[in-house]
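Asker: Protein chains in written order, with my numbering: chain A, 1 to 334; chain B, 1 to 264; chain C, 1 to 160; chain D, 1 to 455.
Because the hints were derived from the structure by calculation, they are not lab data.
Among the clues, some could well be false.
Derived lysine to any residue pairs resembling SDA-like cross-links, with alpha carbons at most 25 Å apart [as the list claims (entries may be wrong)]: (1) A/K174 <-> D/R180; (2) C/K3 <-> B/A20; (3) D/K135 <-> B/D40; (4) A/K221 <-> D/N14; (5) C/K32 <-> D/M313; (6) D/K5 <-> A/T207; (7) A/K135 <-> D/R180; (8) B/K171 <-> A/R5; (9) D/K35 <-> C/L149; (10) D/K178 <-> A/T176; (11) D/K154 <-> A/N249; (12) A/K221 <-> C/R124; (13) C/K3 <-> D/L143; (14) D/K391 <-> A/E202; (15) D/K35 <-> A/M38; (16) A/K174 <-> D/Q130; (17) A/K329 <-> B/V256; (18) A/K329 <-> B/G236; (19) A/K329 <-> B/E224; (20) C/K32 <-> D/D41; (21) A/K270 <-> D/R180; (22) A/K180 <-> D/T421; (23) A/K329 <-> B/S238; (24) D/K154 <-> A/Y246.
Note that the structure is a prediction, hence the values are computed from the model and not measured.
Here's the letter readout for the chains.
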Amino acid sequence: MAIRRGRGVAAINYPTGMNLGGDPTQALVHSTPTGNFMVTLSSVDLGQGMKQIMAQICAETIGVPTDRVIIDTADTDTGPHCMGTFASRGTHRAGNAVIQAAKEARQVMLEVAAEELEVNASDLETDGQGNILVKGAPQKSISIFDVALSAHFKRGRSISGRGMFLIPRSYPEKETGAMKPSTCYAHACTVAEVEVDDETGEVTVLTVKNVFEIGRALNPKMVEQQLVGGSWMGISHALYETTEPYYPNRDYGGTDFNQYLMPGPGDLAKTEIIVLERPSADGPFGAKGPGEMCANPQIPAVANAVFDAVGVRIDTLPITPERIMRALKAQAAG
Amino acid sequence: MTLALQTFSTVKDANMALQAAGTRYLGGGTLVVRAANEGDVSVSSLVRVTEPSLSAIAVSGGETRLGASVTMAAIARHPELAALAPAARAVGGPAIRNMATVGGNLFAPAPYGDFTVAMLALDAIVVTEDGQVPIQTFLAGRDASRAIVTGITFVLPRAESFRFLKVARVKPKGVSVLSIATLLQRAADGTVTSARIALGCMADRPMRARAAERALLGCRLTAEEIAPALAVAGEGTSPITDPIASAWYRNEVLPVHLGRLLLA
Amino acid sequence: MAKVPVQFTLNGSEKAEFVDSGTTLLHALRDKIGDTSPKGGCHQGTCGACSVIIDGELRLSCLTLAETCNGADIRTTSGLAEAGVLHPLQRAFLDAFATQCGFCTPGMIMAAKVLLDHTANPSREEVVEALSGNICRCTGYEPIIQAVLTAARANSQNAA
Amino acid sequence: MELRKSYFADVRQNGLNEIGQPRPRLDSPGHVTGKTAYFADRNFPGMLHLKMVRSPHHHARIRSIDTSEAEKHPGVVKVLTAKDVPHNVYTILILIQIGPEDETVLADGKVRWKGEAVVAVLAETERAAQEAAAKVKVDYEVLPAVFDMEEALKPGAPLVNEYHGQNYYLYDSGECRKVRFGDVEAGFGQADHILEQSYQSSPIEHAPTETTGCVVAPEGNDRFTCYTNTQAMFFTLDNASIILQMPGSKLHFVGGTVGGGFGGKVDVIVEPIAILGAKLTGRPVCFIYSREEEMQISSPRAAEKVVIKDGVMMDGRIVARKVTGYTDAGAYSRHSPYGAQKGAAHYPGPYTIPNVWIDTYCVYTNRTPSSAMRGFGVTIGDFALEVQMDKLARLIGMDPLEFRFVNAYRDGDMKAHRQPTEGAALIECMQEASRAANWPVAEKYMAMSSYTKGA
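With the hints as extra help, turn the sequences into a complete structure.
Answerer: Put into structure tokens, the structure is as follows:
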């Protein structure tokens, strides 16, 4: 019996969005009478934290703390159109729409504040804590609470904005395939270290070191959630998962979580995550979509590590103990 | 028709009710309630028994009796059943172990039924109202069995003579690629004087590895001496193919895992 | 359809309902009593999202018939916070960013609670074992394991 | 997690208050207290349960359907077949003009995969619906089925889907989406080595802990509120509107809180039939996939086959890359024609290669239709590309990481689908990985930059 060790590397990029059908998302922002901000969308939170991120994006743009923003999303009677949550587009597309809407609302807010303070709107700035200050003369200020009250009850203004982000449809050119299917690209490089039991074909992923470049970590803890969970799913794809274990034979498809294999809490690789930020030109505060690409590089990195360990290539996913055993036997048979 | 549960205080009464068509016995629920949830409409009536003896554990000397409703969790935490704890803990996660019973495990199709593999290695006796049958006989006829199992009896093994291994892809709680239980008696010089080896997933229900058992007699537990036993470990097996592993793979790694268990 | 009475204590309050015989505890809790904190992720006993604590033991409410719970003491995640103050486990899940979609969270917290009720200072291995019947598809488990370890430390410090 | 701020520091906006801050998630308190409301947490009095009768065959003609016993079953309120669905033949990407309509809401005359929906039963309880479903009699004439993509593409293979007329999706570019860049044969001609390898995957399930489903409640004014865990609200509403031939104004979708999606909830499967049930019965309806349905009926990530032929120089440069990709769509298109062409744009990978030839096929077989999943069109391609990169490096005796530096794309490099590279950061990721993994590479690679070729 031998436990053999190997390591492998993989590097990838990943596109944001799906422009081959046109890629729009809209957002509306308005202030309540006391200066809280309602973001209305129809984007879907799958658990990745879309609501929280839209709140932070709106808050940053308006200039208020995040807890002054309320997200009302995914009610088609109220929320304007969103293409959907997929293709790593949520943060990027909806975020841009929210910024545009929030900017318009902010402009109205500053105009009302300017009237109250009897200065030009262009001379005003927000302090991020809920106040509007005169640039260079911060003692001259008004709270956003008071500005909203004024807008509603005194000045008859709607502190609101409309946001629209559309990547126009790209039609692939028939002969050359020239097309623009997406916008900015995220990047990753993963090094995986494995142990392979050469008598059973069992693979243990010891460590994965993932470097991800995601444009901008809008909320680092939430980015970490995505990347850690994605890295786990990548390993899972590499070694465990399929609904058709004997593909293309259609039999023996798993029907529950006992038969559909994924790494359990006792199978976790020691996971390191390093994040780089090269802001994208068109992303909200430079953000790209990290949600999908984070699960990709582990698959080839693990595959390459298995080869490094035992000298057989498994070019069919998932890399099961059975496939490794068959390859090792074929190798031994020469 | 809806699903209806009937509760009886005695096994005798429940056995009567169980004769009706579409009726099944409810133990811990991990098999029959699941089947009902999944749309198995062949079951319209469930029967359960509250008789306390079904949940009793009795250990006296080596003689052990587990009531059919004893759960895996109860076995795993019972101080006198420490030798069986690894087999009991091999079943499911914590919640399942609080529900899954000794009786139910006897009926669990591969890849389930790890605890029964241990019982088979111990040559347990399965007890019903109709009498007592060796576990191997019981397993062979379990599909047609109608009488409620009330308990199981066996001689508690000494810890050093009994070994159990469950091989799973997912840790700590995957279902079995295979499971192995061995009960070996050895002479002072270490040679095996008697061997019982039970296998899970190597057929549609737990089975004995008779050829390997015979080949182990007179061997010391060294890699060299057990090699002939490992070579015949797969004799008579007919492993399941399922999403976890193919029959080919199970046969391929059975000798490896048996060898590791014997040499551990 | 035959209705049967079920009566038990849920998070400290008495509940009594009539349900169809054969109704699972999960359905009784969610559809009859209105406690939707246990989730139906599989109805097979393979995901743990429906985990509840019955008489101090972790159980799968999807495989438990309601009428077998008469007289039982049932605890769910919705009853864990007291007077609006989060249980240390809930606090730890928040602080560790251990929830993403949140669907597995109530079951995970139940599984963790039973562990901490019996084991003051669990090892990582014990935490892993305690959570092993609960599937999470988002987090990769590590933040959940860390949350439980953190809550255990907080508990034992409070006790000290 | 560590943020390495030293990279690209010159282009990052600073002085932000909320962005870049690890604010607590506003939804988490609901999650940890069990208070978050998912679609299935809504319960309405009188709600009906919908269960689907599904095909037991991979490919079969339906001779007849007899629902009479099922309709008489106690508790059954309505039984739906194809004739009840106003626009029964649909395809979801018709919204972006990707046709033809090729899929039935309820099977009409034929089933093309094992598990296909044939009859919908609505009953007072789940149990009654299950019992009635078992009483639906469908007479099938079993047809030959094809499961292997190569077999499916051969002449004489059983025809999976008559709406296509052949077992592949017909793009405007022909039987495949094509990318042509440079002269790939000339590239192979100059290469020191050529390596052609084939890679394969099998279908993968999203396996969210919450299964796909919806709860529909009539509002009493000809409008229907659909509580759903779809990943795309209007996409689903608009498709439902087409299938049901109902004005969109009659539909009200509420969602946005989903127990995991990963791409598995972008098909429009449960909502239209549940709304139809609510419309025809006037009752609330829930249709929630069982776990078995989620595992075997809901669309998986497509199986793919990827054949890569590379020409490489001894100095490490890849001079030609030819990729043929096959996406196993299963019996119907759903999102697969899109995924296959998304793959066409991706296949050169994050590398600058002067001569590229890509063909990607979307192939029909008699299996569960596949659709989008996390990394759609890219994940399996990346597996193939990056294993191929490892093989190429070893073939020419180069360190696999250094080999990637040699070929890494940088700002301004033209990609094969004729988009100039912008915002590249592959090199920096690899530099950081080299450090973090203690995998040293030559200093010249550590000095490289994504900004320019010159650096």
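Asker: Determine which of the earlier numbered hints do not hold for this structure and return their numbers in increasing order.
Answerer: Hints 5, 7, 13, 16 and 21 not satisfied by this model.
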